[in-house]
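Engineer: Residue strings, one per chain:
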Amino acid sequence: MISPLRLSCLFVCFVGTLLSVTLTGCGKKSPSSASDSAPGSKILRIGNGAEPKDLDPHVVTGVGEHKIITALLEGLVTYSETGDIAPGVAERWEISEDALTYTFHLRADAKWSNGEPVTSRDFARSFQRILTPTIGSEYSYKLFHLVGAEEFNTGKLTDFSQVGVATPDDRTLRLTLKHRTPFLLESLLHYAWFPVHIPTVEKFGGLDRPGSTWTRPGNFVGNGPFVLVDWKSHQKITVTRAATYWDAANVKLDGIDFFAIESSDTEEREFRTGRLDYAYSLPLSKIETYRRDHADTYRATPYYGTYFYRLNVTKKPLDDKRVRRALALAIDRESIIKNILRDAGQTPAYHFTPVSQKFAATARLSGDLAEAKRLLAEAGYPDGKGMPAVDILFNTLDSHRTIAEAIQQMWKTRLGVNATIQNQEWKVYLDTTQTLNYQVSRAGWIGDYDDPHTFLDMWITGGGNNQTGWSNAEYDRLIRSALTQPDEAARMAVYQKLETILADELPVLPIYFYTRIYAISPKVKNWISTPLDNRAWKWVDLAD
Amino acid sequence: MLRFIARRLLETIPVLFIIVTATFFMVRFVPGGPFDSEKATTPEIRANLEAYYGLNLPLHQQYTNYLKAVVLDGDLGRSTKYASRTVNEIIADKLPASLQLGGLSLLIALVLGLSAGVLAAVKRNTKIDYLASSFAMTGICIPTFVLGPILVLVFAIHLGWFSASGWYSWQDRILPSLTLGIVYAAGIARLTRGGMLEVLNLDYIRTARAKGASESRIIFKHALRGGLLPVVSYLGPAIAGILTGSFVIETIFQIPGLGREFVNSAFNRDYTLVLGTVILYAVLIIALNLIVDVVQVWLNPKLKFE
Chain A
1 MISPLRLSCL FVCFVGTLLS VTLTGCGKKS PSSASDSAPG SKILRIGNGA EPKDLDPHVV
61 TGVGEHKIIT ALLEGLVTYS ETGDIAPGVA ERWEISEDAL TYTFHLRADA KWSNGEPVTS
121 RDFARSFQRI LTPTIGSEYS YKLFHLVGAE EFNTGKLTDF SQVGVATPDD RTLRLTLKHR
181 TPFLLESLLH YAWFPVHIPT VEKFGGLDRP GSTWTRPGNF VGNGPFVLVD WKSHQKITVT
241 RAATYWDAAN VKLDGIDFFA IESSDTEERE FRTGRLDYAY SLPLSKIETY RRDHADTYRA
301 TPYYGTYFYR LNVTKKPLDD KRVRRALALA IDRESIIKNI LRDAGQTPAY HFTPVSQKFA
361 ATARLSGDLA EAKRLLAEAG YPDGKGMPAV DILFNTLDSH RTIAEAIQQM WKTRLGVNAT
421 IQNQEWKVYL DTTQTLNYQV SRAGWIGDYD DPHTFLDMWI TGGGNNQTGW SNAEYDRLIR
481 SALTQPDEAA RMAVYQKLET ILADELPVLP IYFYTRIYAI SPKVKNWIST PLDNRAWKWV
541 DLAD
Chain B
1 MLRFIARRLL ETIPVLFIIV TATFFMVRFV PGGPFDSEKA TTPEIRANLE AYYGLNLPLH
61 QQYTNYLKAV VLDGDLGRST KYASRTVNEI IADKLPASLQ LGGLSLLIAL VLGLSAGVLA
121 AVKRNTKIDY LASSFAMTGI CIPTFVLGPI LVLVFAIHLG WFSASGWYSW QDRILPSLTL
181 GIVYAAGIAR LTRGGMLEVL NLDYIRTARA KGASESRIIF KHALRGGLLP VVSYLGPAIA
241 GILTGSFVIE TIFQIPGLGR EFVNSAFNRD YTLVLGTVIL YAVLIIALNL IVDVVQVWLN
301 PKLKFE
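Each protein sequence line maps, in turn, to chains A and B. Residue 413 in the working numbering sits at position 413 of the first sequence, with consecutive numbering throughout. Residue 258 in the working numbering sits at position 258 of the second sequence, with consecutive numbering throughout.
Treat the hints with caution; some may be incorrect.
[To be verified] Result set (DSS-like, lysine-lysine): computed pairs, CA atoms no more than 25 Å apart in a straight line:
id : chain 1 : residue 1 : chain 2 : residue 2
1  : B       : K39       : A       : K315
2  : A       : K156      : B       : K221
3  : A       : K178      : B       : K39
4  : B       : K39       : A       : K358
5  : A       : K252      : A       : K427
[Stated by the list, open to error] Label-pair distances were calculated between CB atoms; the ranges are:
id : chain 1 : residue 1 : chain 2 : residue 2 : range
6  : B       : F145      : A       : D391      : 22 to 32 Å
7  : B       : A51       : A       : G444      : 46 to 56 Å
8  : B       : T42       : A       : A249      : 18 to 28 Å
9  : B       : G54       : A       : A360      : 14 to 24 Å
10 : A       : G274      : B       : I150      : 30 to 40 Å
11 : A       : G386      : B       : V30       : 34 to 44 Å
Hints listed in this document are in silico derivations from the structure and should not be mistaken for laboratory results. All of these numbers come straight from a predicted model, not from anything done at the bench. Every residue, glycine too, gets a C-beta built ideally from N, C-alpha and C.
Using the sequences and the hints, build the whole thing.
Structural biologist: In structure tokens:
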């Protein structure tokens with residue numbers, strides 16, 4: 001019989017063995033410790049949201065992945081120091097008179113991190129890869145402006161030479177578009193258009209399938225300002241300055257550590273203790289404190305996105321646009337921004353597309369509460385009487401709940417309309433929304449590129465992102481005509497008409513325009529704010 | 001005893017089979033799928049992704065393929081969320097951190113819990129008892145998502161002794177292990193106190209005292225064996241939970257452990273990762289329950305291997 005004392009000893013031995021097996025590298029500080037860096041070296045440490053799905057630009061879809069990939073790879077164009085479009089691998093380009101052909105001239109000194117030159121064939125083969133059906137890239141549609149790209153991606157065309165990508169020589173890339181795409185250069189900033197080193201991808205079996213190991217440290221060959229050194233899953237990704245980058249002289253940082261931190265509370269604590277130079281987001285509860293006490297680190301900058309509610313127009317009572325309008329007018333957007341969102345720079349949304357340098361919608365949702373009540377009465381629901389309860393659906397998150405509760409209360413007290421609120425876990429919510437199994441559903445949309453088209457083409461009949469059941473023939477005709485307009489003024493005029501239709505029909509209720517709220521150390525220099533919150537890493541610097 | 005263990009091991013086969021089967025079909029019937037995202041994809045892209053992961057096959061065929069791969073090759077499949085990683089790889093990568101965190105927490109839980117429990121029982125109704133019992137009650141009442149940030153606030157932010165989060169150096173292990181350990185220590189202290197009090201009133205203890213045995217001998221040699229029985233029963237599932245990680249602790253302290261993968265895989269509808277982690281947890285719980293049963297027979301002469 002074993003005595004309890006001996007049993008305890010055995011147990012301690014078991015735990016001890018367990019620890020000795022697993023405590024690798026615990027006795028000394030890990031070489032890749034968060035605070036480790038060579039003396040005087042400039043390592044930027046940033047919070048980067050969730051663990052990236054992968055680092056393959058043809059496979060991933062996330063914002064965090066975008067930040068890392070733009071450090072490792074570079075497309076035809078990039079951001080200038082001030083956030084404008086600047087030459088990347090392409091040193092110059094020409095646009096044909098009909099604006100359907102773009103000819104890019106690649107710089108001679110663009111190199112992969114293994115020393116090989118970056119050629120136009122690398123781009124062409126990369127475009128072929130992302131459009132290859134078996135890769136299943138969710139962002140392949142970004143290349144659908146190219147002649148034949150959609151057909152190739154959907155398997156209707158198997159010969160890639162018929163897609164509008166030509167390589168007359170190693171340093172010339174010609175893209176032929178199926179329609180005018182005035183925002184093509186903005187689109188090219190997205191990683192879907194970035195080249196990958198095809199021989200490396202091929203070596204690891206990833207040419208025609210997602211999920212190969214070419215993206216691991218040691219395997220990854222890139223052409224960006226930084227090279228991948230280390231990837232500790234769910235901890236951090238380390239990149240260091242690339243000696244082979246064509247503009248290496250302008251790269252200010254020695255390296256960047258991208259920390260995978262999902263919780264904004266954890267991230268904020270890391271920032272406060274000085275382990276991060278940049279916190280991707282701040283918890284709502286900390287905004288006031290930062291604004292008051294840490295103004296030197298607090299930033300709130302415009303973000304090209306809209307927070308809105310989708311309305312299912314296929315079901316009563318929201319099939320009646322008078323009801324939709326009444327509900328829209330009864331929302332006090334200023335109050336939501338002031339009392340719930342801590343007035344952190346968000347602006348109330350009375351139209352759908354956020355204001356940008358290119359476009360500011362003139363159509364606005366306007367009217368007062370009296371009009372809302374009149375419309376509701378006309379629709380057969382005077383003071384909300386007889387109107388069935390409206391259900392507001394949102395994905396589980398406290399801030400969505402608070403906004404939904406506020407709107408529920410506004411509709412009740414101002415219109416007499418009863419609303420219920422319902423939260424669903426993310427994937428269930430997506431399924432419910434996509435199958436139109438809802439009445440009112442929360443949504444947010446961040447532009448794919450800096451152009452109103454990315455917001456307004458959502459509402460085309462049957463569009464994958466429409467998800468309201470709304471259809472309007474005139475709207476469809478106009479959105480199709482937008483890309484055939486002879487000049488930018490005419491194109492913007494089309495978007496004004498589209499906004500007018502949206503403000504009249506209201507298949508969606510815009511609530512507010514987003515603001516990016518984050519904390520950044522005063523040591524970080526040249527951190528520019530852009531509408532999509534992207535920048536070229538080569539310009540960012542750290543003060544000593 | 002060997003026959004007992006062999007029989008129990010054989011029993012685990014149908015148990016595991018039922019767990020795998022139930023989980024396989026349950027995750028499939030939850031609304032939403034691995035490729036649902038906010039931005040709509042074309043039916044062609046979805047079909048290609050489903051074909052790549054074998055999700056286009058009839059469900060029964062997917063099920064038999066999965067079982068074959070797991071049983072014959074030990075292959076738990078490819079994660080749909082982390083495109084370039086297999087489930088085996090993710091488990092091998094994440095389990096060590098969870099084991100480290102769990103091992104240290106267990107040590108803290110046992111040292112604190114057993115000492116507090118024994119002290120409280122021996123010094124019953126004294127200040128020491130009240131202090132130990134208060135510790136236990138506080139530990140049980142304060143959830144980890146409150147205790148963790150409080151410890152960070154005091155020891156990392158104000159005193160600057162430890163990192164606020166991360167899993168890089170040995171200092172990073174202390175706060176999360178303490179947070180998790182204290183919660184389990186509280187439970188162990190309560191059970192130890194209860195178990196000890198019951199045993200200390202039994203006749204054989206009185207007999208030992210009458211025979212003049214020293215108090216320490218009575219406690220450690222005679223009483224502890226019986227007093228530990230409830231703790232041992234508790235430890236089986238507790239150790240499985242502790243060793244395989246804690247979602248909350250791993251999130252608060254940014255630890256690359258398996259607990260977060262387990263919970264997030266369900267949110268991501270990463271079917272293979274859900275199944276892989278469930279299988280691992282099931283095996284651990286079954287194994288630890290078996291160990292607990294064996295230990296209980298050792299501790300309690302009234303029980304037999306039957």
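Engineer: Against each hint, give a clear statement of whether it holds in the structure.
Structural biologist: Results for each hint:
1. A threshold of 25 Å between alpha carbons decides the hint, and for K39 (chain B) with K315 (chain A) the separation of about 23 Å falls inside it, so the pair holds.
2. About 81 Å separates the Cα atoms of K156 (chain A) and K221 (chain B), which puts this hinted pair outside 25 Å; it is violated.
3. As the CA atoms of K178 (chain A) and K39 (chain B) are separated by approximately 23 Å, the hinted pair is consistent with the 25 Å bound.
4. For the given pair, K39 (chain B) sits about 24 Å from K358 (chain A) by alpha-carbon distance, which is consistent with the 25 Å threshold.
5. A threshold of 25 Å between alpha carbons decides the hint, and for K252 (chain A) with K427 (chain A) the separation of about 41 Å lies outside it, so the pair is violated.
6. The supplied range of 22 to 32 Å is met by F145 (chain B) and D391 (chain A), whose beta-carbon atoms lie about 30 Å from each other.
7. At about 31 Å, the beta-carbon gap between A51 (chain B) and G444 (chain A) misses the expected band of 46 to 56 Å.
8. T42 (chain B) and A249 (chain A) have their C-beta atoms about 43 Å apart, which leaves the hinted 18 to 28 Å range violated.
9. Our hint of 14 to 24 Å for G54 (chain B) and A360 (chain A) is violated, since their Cβ atoms are close to 49 Å apart.
10. The hinted range of 30 to 40 Å is not satisfied by G274 (chain A) and I150 (chain B), whose Cβ atoms lie roughly 20 Å apart.
11. Distance hint check for G386 (chain A) and V30 (chain B): the Cβ-Cβ separation is about 37 Å, which falls inside the suggested range of 34 to 44 Å.
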